[in-house]
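A.B. asks: Knowing the structure of chain A, use the given hints to seat chain B on it.
Chains as they are written, first to last, in the numbering used here: chain A, 1 to 406; chain B, 407 to 812.
Hints in this document: simulated from the structure, not taken from any laboratory.
Among the hints, a few may not be true.
[Said to hold, decoys possible] A few chain A residues that face chain B, going by a derived Cβ cut-off under 7 Å, partial list only:
(1) D62
(2) M83
(3) G143
[Unchecked claim] Anything over 10 Å on all C-beta distances counts as not near chain B; from chain A, calculated:
(4) K27
(5) Q359
(6) F361
[Said to hold, decoys possible] Sample of chain A residues facing chain B (criterion: CB under 8 Å; computed from the structure):
(7) Q20
(8) L50
(9) L53
(10) A54
(11) E56
(12) I57
(13) P61
(14) E65
(15) V68
(16) L69
(17) V76
(18) I78
(19) A84
Glycine is no exception: its CB is placed at the ideal position from the N, C-alpha and C atoms.
2 protein chains.
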Amino acid sequence: MALIVQKYGGTSVGTVERIQNVARRVKKARDAGNEVVVVVSAMSGETNRLIGLAGEISEHPDPRELDVLVTTGEQVTIALLAMALQEIGCDARSYTGAQVRILTDSAHGKARINDIDDTRVHADLKAGRVVVVAGFQGIDQNGNITTLGRGGSDTTAVAMAAALRADECQIFTDVDGVYTTDPRVEPKARKLDRITFEEMLEMASLGSKVLQIRSVEFAGKYNVPLRVLSSFEEEGEGTLITFEEDGVEAAKISGIAFNRDEAKLTIRGVPDEPGVAYKILGPIGDANIEVDMIVQNIANDGTTDFTFTVNRSECDKARGILQRTADELGAREVIADDHIVKISLVGVGMRSHAGIASQMFQTLSHEGINIQMISTSEIKISVVVDEKYLELGVRALHEAFGLEQE
Amino acid sequence: MALIVQKYGGTSVGTVERIQNVARRVKKARDAGNEVVVVVSAMSGETNRLIGLAGEISEHPDPRELDVLVTTGEQVTIALLAMALQEIGCDARSYTGAQVRILTDSAHGKARINDIDDTRVHADLKAGRVVVVAGFQGIDQNGNITTLGRGGSDTTAVAMAAALRADECQIFTDVDGVYTTDPRVEPKARKLDRITFEEMLEMASLGSKVLQIRSVEFAGKYNVPLRVLSSFEEEGEGTLITFEEDGVEAAKISGIAFNRDEAKLTIRGVPDEPGVAYKILGPIGDANIEVDMIVQNIANDGTTDFTFTVNRSECDKARGILQRTADELGAREVIADDHIVKISLVGVGMRSHAGIASQMFQTLSHEGINIQMISTSEIKISVVVDEKYLELGVRALHEAFGLEQE
Chain A
1 MALIVQKYGG
11 TSVGTVERIQ
21 NVARRVKKAR
31 DAGNEVVVVV
41 SAMSGETNRL
51 IGLAGEISEH
61 PDPRELDVLV
71 TTGEQVTIAL
81 LAMALQEIGC
91 DARSYTGAQV
101 RILTDSAHGK
111 ARINDIDDTR
121 VHADLKAGRV
131 VVVAGFQGID
141 QNGNITTLGR
151 GGSDTTAVAM
161 AAALRADECQ
171 IFTDVDGVYT
181 TDPRVEPKAR
191 KLDRITFEEM
201 LEMASLGSKV
211 LQIRSVEFAG
221 KYNVPLRVLS
231 SFEEEGEGTL
241 ITFEEDGVEA
251 AKISGIAFNR
261 DEAKLTIRGV
271 PDEPGVAYKI
281 LGPIGDANIE
291 VDMIVQNIAN
301 DGTTDFTFTV
311 NRSECDKARG
321 ILQRTADELG
331 AREVIADDHI
341 VKISLVGVGM
351 RSHAGIASQM
361 FQTLSHEGIN
371 IQMISTSEIK
381 ISVVVDEKYL
391 ELGVRALHEA
401 FGLEQE
Chain B
407 MALIVQKYGG
417 TSVGTVERIQ
427 NVARRVKKAR
437 DAGNEVVVVV
447 SAMSGETNRL
457 IGLAGEISEH
467 PDPRELDVLV
477 TTGEQVTIAL
487 LAMALQEIGC
497 DARSYTGAQV
507 RILTDSAHGK
517 ARINDIDDTR
527 VHADLKAGRV
537 VVVAGFQGID
547 QNGNITTLGR
557 GGSDTTAVAM
567 AAALRADECQ
577 IFTDVDGVYT
587 TDPRVEPKAR
597 KLDRITFEEM
607 LEMASLGSKV
617 LQIRSVEFAG
627 KYNVPLRVLS
637 SFEEEGEGTL
647 ITFEEDGVEA
657 AKISGIAFNR
667 DEAKLTIRGV
677 PDEPGVAYKI
687 LGPIGDANIE
697 VDMIVQNIAN
707 DGTTDFTFTV
717 NRSECDKARG
727 ILQRTADELG
737 AREVIADDHI
747 VKISLVGVGM
757 RSHAGIASQM
767 FQTLSHEGIN
777 IQMISTSEIK
787 ISVVVDEKYL
797 ELGVRALHEA
807 FGLEQE
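Only chain A is shown next, with the shape it has when bound in the complex (with noise of 0.2 Å):
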């Protein structure tokens, strides 16, 4: 008999008759013989139906008197599912963040988890009940509500499978697990059976929206077997996140992520001084702008080419900041281009691997793609590349790892 945590997200119980669905769902899990956590989110929408109101009264709301609005979303969920369950014959109790006891940090809106009490989870779970957590939300050690920020609910589900060391924690959601790459860019893309913690890391970090960063940092970090599952579909394994290497040990890359989101600003001829980075991107992160992929060179006539990526929509704030930087420093020009691209190859394997870099960069330059950045760590490689080349470059590139193939 396996303890097993499911965390179920805001679409997948999005209405009554999903909220029945999930509770099949959990049902035929706990009929297989398994010990079932449920942790689930707010219906969709209600969380921004909550917030609304809250935006009629006040502009910047309190954040403490915000979480104890917006975590009544999840608190109605965990009393229509556990009322599902019960009317499908399968015996069910909910818990608020409160109730276990999720014990987190003061942070109202974005707080970190200190502790989890499972007692009554345990309780419950030896006499035979389903146990339905709400997620996204704890309580100080004041008494006062708090939530984890977006995405949350993933948060408790792993930190819950942690507490209660948990054979396996399982996210489903609107995807049937982690591609080689974006199947809507490469149609050939292929549904990754096992992927390391790195790995997916990196993949999130890159644009990959399948799961919140932070929660498989903590699964990582607690030693927490997560898998992907798609909400909808019936069948299907998903995507096992592992520890263990050795299953994919063979390919030297698991994935392509991509990143549209992004722009580059480069700052031309300026004097080649020491403290210049300090100079140029000081002002930037004084402004909250957060910098990406970063490269300096230097050319022959003591000046330096600088050059950074930051998020799309900051582009222009950060332009008019690097303007004036520019002014000051004496710098030759200030060019931004918000039409570009950051493609990354991503594998442990690499590791282990020589002449990946160089086989990306012969793909796409086979292509005819330019590479206008680079930058690597050690289990991945990112490109940036104009976006008109972006489905070009992720093909050429699924094609030439031979990601298509198991």
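C.D. replies: Positioned in the frame of chain A, the structure of chain B alone reads:
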């Protein structure tokens, strides 16, 4: 500086604008130098919406889960009201029943309050904050969420006032106080400045819908001065429900209550034997039909006539049961009449003033109104008459006892 508990019902907090109005009202009490605790219901319609969702899933939803579900209604209101108070510069903090620690028994849907922990509320009041408490809800000793049943927010307010030893518990409703009778029946009806608890209890039990009878009992038991006020009118002192009879001593009668929701059943010619009352009323009680007035007359022929009233909606059901009893007992006939009304005079002044009953009967007789049943208590006289005489009877009595005069 007085400590005041204010309670606003679902209609008073039915929209964001109304919540903002309540906030202004609360701030006014705070600015006048009072410490204020506010108890609120769910926004009107919300509780029924939630019960509707449960109804889509189960015909008989689990009472524990139903309480988890419906208590989100008040939780939304407390957060929004706390935000609205903060927005107009009035420091405030919200508490669910569980957060206050309103400890109840485990009777989901109709729990009774056993204890209230006033530690956190007192600390907030001392810190200059308005405390906003979710009505209708509590928590049992195992941490399960409970509700007090419909109208339970009044009970929460009174219980909070008792626990905090508040100077006054103010119930804001859609009427501006307690009247000598229903102004829709007698336009000369006058708002009472004061009424005693005993009178209010009689008025409530006789069909006056101003307050939930349970909250009046509770306030009486715990010596909490209660005031009924309008949530829509800024001015006015409402009606104070008090223990002291001094202010009302002069008046013989405080008010006239009436109840249109009754029906009269008579079983005639029952052999007059010991235990006949039980034989007649036992089956009625077994069918969960509540009986109000009971009158028995003994005839000269060794038989008796037995008459009682029930809620009008249960008249047919009661008639069927009574007919079976009549057949068993060999009674002459069963008569049902659902065109009756009960009119009651209420007043603690009756105790020290003789002749009230005869003045009442004389007044009705003078108008040609036939009295079908009479029932009395220490501070109340009720008569049953044909419903066509309701307005005539109420107005005649209102004038005869000088109720329009201060």
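A.B. asks: Decide, hint by hint, whether the structure agrees.
C.D. replies: Comparing the hints with the structure gives:
Interface hint at A:D62: satisfied, since its Cβ lies 5 Å from the closest Cβ of chain B, which is below the 7 Å cut-off. The beta carbon of A:M83 is positioned within 7 Å of a beta carbon in chain B (closest approach about 5 Å), and the interface hint is therefore held. For A:G143, the suggested interface contact is upheld, since its CB lies about 6 Å from the closest CB of chain B, less than 7 Å. Remark: the non-interface label on A:K27 is consistent with the geometry, its nearest Cβ contact in chain B lying 14 Å away (cut-off 10 Å).
For A:Q359, the shortest C-beta to C-beta distance to chain B comes to about 56 Å, beyond the 10 Å cut-off, and the non-interface label holds. Remark: the non-interface label on A:F361 is consistent with the geometry, its nearest Cβ contact in chain B lying 55 Å away (cut-off 10 Å). Taken as an interface hint, A:Q20 checks out: its beta carbon lies about 7 Å from the nearest beta carbon of chain B, inside 8 Å. Checking A:L50 against chain B: minimum C-beta separation of about 7 Å stays under 8 Å; hint holds.
Restraint check, A:L53 versus chain B: the minimum CB separation of about 6 Å is within 8 Å; hint holds. At its closest, the beta carbon of A:A54 sits 6 Å from a beta carbon of chain B; the interface hint therefore holds under the 8 Å criterion. Hint status for A:E56: holds, given a least beta-carbon distance of 4 Å to chain B, under 8 Å. A hinted interface residue such as A:I57 counts as satisfied when its beta carbon comes closer than 8 Å to some beta carbon of chain B; here the least separation is about 5 Å, so the hint holds.
This hint holds: A:P61 has a C-beta 5 Å from the nearest C-beta of chain B, less than the 8 Å allowed. Among the interface hints, the one on A:E65 holds; its C-beta lies about 5 Å from the nearest C-beta in chain B, closer than the 8 Å criterion. With a least beta-carbon distance of about 4 Å to chain B, the hint placing A:V68 at the interface is held under the 8 Å criterion. Interface restraint check: A:L69 against chain B, minimum CB-CB distance 4 Å, threshold 8 Å, status holds.
Of the supplied interface hints, the one on A:V76 holds, with its beta-carbon coming within about 5 Å of a beta-carbon of chain B, less than 8 Å. For A:I78, the interface hint holds, since its Cβ comes within 8 Å of a Cβ in chain B; the closest pair sits about 7 Å apart. The beta carbon of A:A84 is positioned within 8 Å of a beta carbon in chain B (closest approach about 5 Å), and the interface hint is therefore held.
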